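Based on the provided sequences and hints, a complete structural model is requested.
Read off the chains here:
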Amino acid sequence: DVKVTQSSRYLVKRTGEKVFLECVQDMDHENMFWYRQDPGLGLRLIYFSYDVKMKEKGDIPEGYSVSREKKERFSLILESASTNQTSMYLCASSSPSLGNQPQHFGDGTRLSIL
Amino acid sequence: ILNVEQSPQSLHVQEGDSTNFTCSFPSSNFYALHWYRWETAKSPEALFVMTLNGDEKKKGRISATLNTKEGYSYLYIKGSQPEDSATYLCAHSNDYKLSFGAGTTVTVRA
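Residue numbers (my numbering), protein chains in the order written: chain A, 1 to 114; chain B, 1 to 110.
Hints may be right or wrong, so weigh each one.
[Claimed, not checked] Derived pair list, reagent style SDA-like, types lysine to any residue, alpha-carbon separation capped at 20 Å:
no.: 1; chain 1: B; residue 1: LYS42; chain 2: A; residue 2: PRO39
no.: 2; chain 1: A; residue 1: LYS57; chain 2: B; residue 2: LYS58
no.: 3; chain 1: B; residue 1: LYS58; chain 2: A; residue 2: GLN101
no.: 4; chain 1: A; residue 1: LYS57; chain 2: B; residue 2: LYS42
[To be verified] Computed from the model, here is a short list of chain A residues facing chain B with C-beta under 10 Å:
no.: 5; residue: ASN31
no.: 6; residue: ASP59
no.: 7; residue: TYR64
no.: 8; residue: ASP107
[Stated by the list, open to error] Per label pair, the in silico range of CB-to-CB distance:
no.: 9; chain 1: A; residue 1: GLU62; chain 2: B; residue 2: LYS58; range: 19 to 29 Å
no.: 10; chain 1: B; residue 1: LYS78; chain 2: A; residue 2: VAL12; range: 25 to 35 Å
no.: 11; chain 1: A; residue 1: LEU11; chain 2: B; residue 2: ASN3; range: 28 to 38 Å
no.: 12; chain 1: B; residue 1: ASN20; chain 2: A; residue 2: GLU69; range: 20 to 30 Å
no.: 13; chain 1: A; residue 1: ASP28; chain 2: B; residue 2: LYS58; range: 24 to 34 Å
no.: 14; chain 1: B; residue 1: GLN14; chain 2: A; residue 2: GLU30; range: 42 to 52 Å
no.: 15; chain 1: A; residue 1: GLU56; chain 2: B; residue 2: ASN20; range: 32 to 42 Å
no.: 16; chain 1: A; residue 1: LYS70; chain 2: B; residue 2: GLY79; range: 43 to 53 Å
no.: 17; chain 1: B; residue 1: GLY79; chain 2: A; residue 2: GLU69; range: 43 to 53 Å
no.: 18; chain 1: B; residue 1: GLU15; chain 2: A; residue 2: GLU69; range: 41 to 51 Å
no.: 19; chain 1: A; residue 1: GLY16; chain 2: B; residue 2: GLU15; range: 46 to 56 Å
no.: 20; chain 1: B; residue 1: THR40; chain 2: A; residue 2: GLY63; range: 33 to 43 Å
Simulated from the structure, these hints should not be mistaken for laboratory data.
Note that the coordinates shown come from a computational prediction; the quantities given were computed from them, not determined experimentally.
Note that beta-carbon positions come from the ideal geometry of N, C-alpha and C, so glycine has one too.
If you want it as structure tokens, here you go:
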């Protein structure tokens, strides 16, 4: 079974801090994704990566950056955390596809910015 | 504004009853329609990926249909059980990204 592991289930940080969310997958997937989920909204794509060192902006990239130095690891970085970035963050991976392969998700990180 | 809409937002169903709910999506530039089940404190789990108009897929008591011409998909749960309680997400793809709906939260009452 595919395993997508996110480094923390819960995280509390302060405004202005630099925050790192880590995600590791063990199925050699090329594609990796970061989403955030807020009440009443669908999962919204922040960034995705289709290969090592490759990244593309999703629908809401402002205030975030990403790093993919190794195939199995995709990191989301909040450069200077703000309260409006309090949310549930989900990482996912998939094999290469034109959207016709399922995505495999981690358990999520519930991030609170105080 | 979501271009993938799910209705209803939530529903309650008695154990043993069947239910269904809808996902609407843009019918242009269609590649695939995904359904995921997201149980509390767990990760979203893929149920179905459908690509062809008229597709019907089944997994145990859960099934889904797809109409790409009019841009909708139905998810059916037959004989609901408490373990079916979850949020069901649909997602539309027109390239390698997915656009998700806000989900339908199903609560099965014993």
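Outcome of the hint check:
no., hint, result
1, B:LYS42 x A:PRO39, "17 Å, holds"
2, A:LYS57 x B:LYS58, "34 Å, violated"
3, B:LYS58 x A:GLN101, "17 Å, holds"
4, A:LYS57 x B:LYS42, "26 Å, violated"
5, ASN31, "7 Å, holds"
6, ASP59, "8 Å, holds"
7, TYR64, "16 Å, violated"
8, ASP107, "5 Å, holds"
9, A:GLU62 x B:LYS58: 19 to 29 Å, "41 Å, violated"
10, B:LYS78 x A:VAL12: 25 to 35 Å, "43 Å, violated"
11, A:LEU11 x B:ASN3: 28 to 38 Å, "31 Å, holds"
12, B:ASN20 x A:GLU69: 20 to 30 Å, "45 Å, violated"
13, A:ASP28 x B:LYS58: 24 to 34 Å, "30 Å, holds"
14, B:GLN14 x A:GLU30: 42 to 52 Å, "44 Å, holds"
15, A:GLU56 x B:ASN20: 32 to 42 Å, "36 Å, holds"
16, A:LYS70 x B:GLY79: 43 to 53 Å, "45 Å, holds"
17, B:GLY79 x A:GLU69: 43 to 53 Å, "48 Å, holds"
18, B:GLU15 x A:GLU69: 41 to 51 Å, "49 Å, holds"
19, A:GLY16 x B:GLU15: 46 to 56 Å, "49 Å, holds"
20, B:THR40 x A:GLY63: 33 to 43 Å, "28 Å, violated"
Hints 2, 4, 7, 9, 10, 12, 20 from the list above are not met by this structure, while the remaining hints are.
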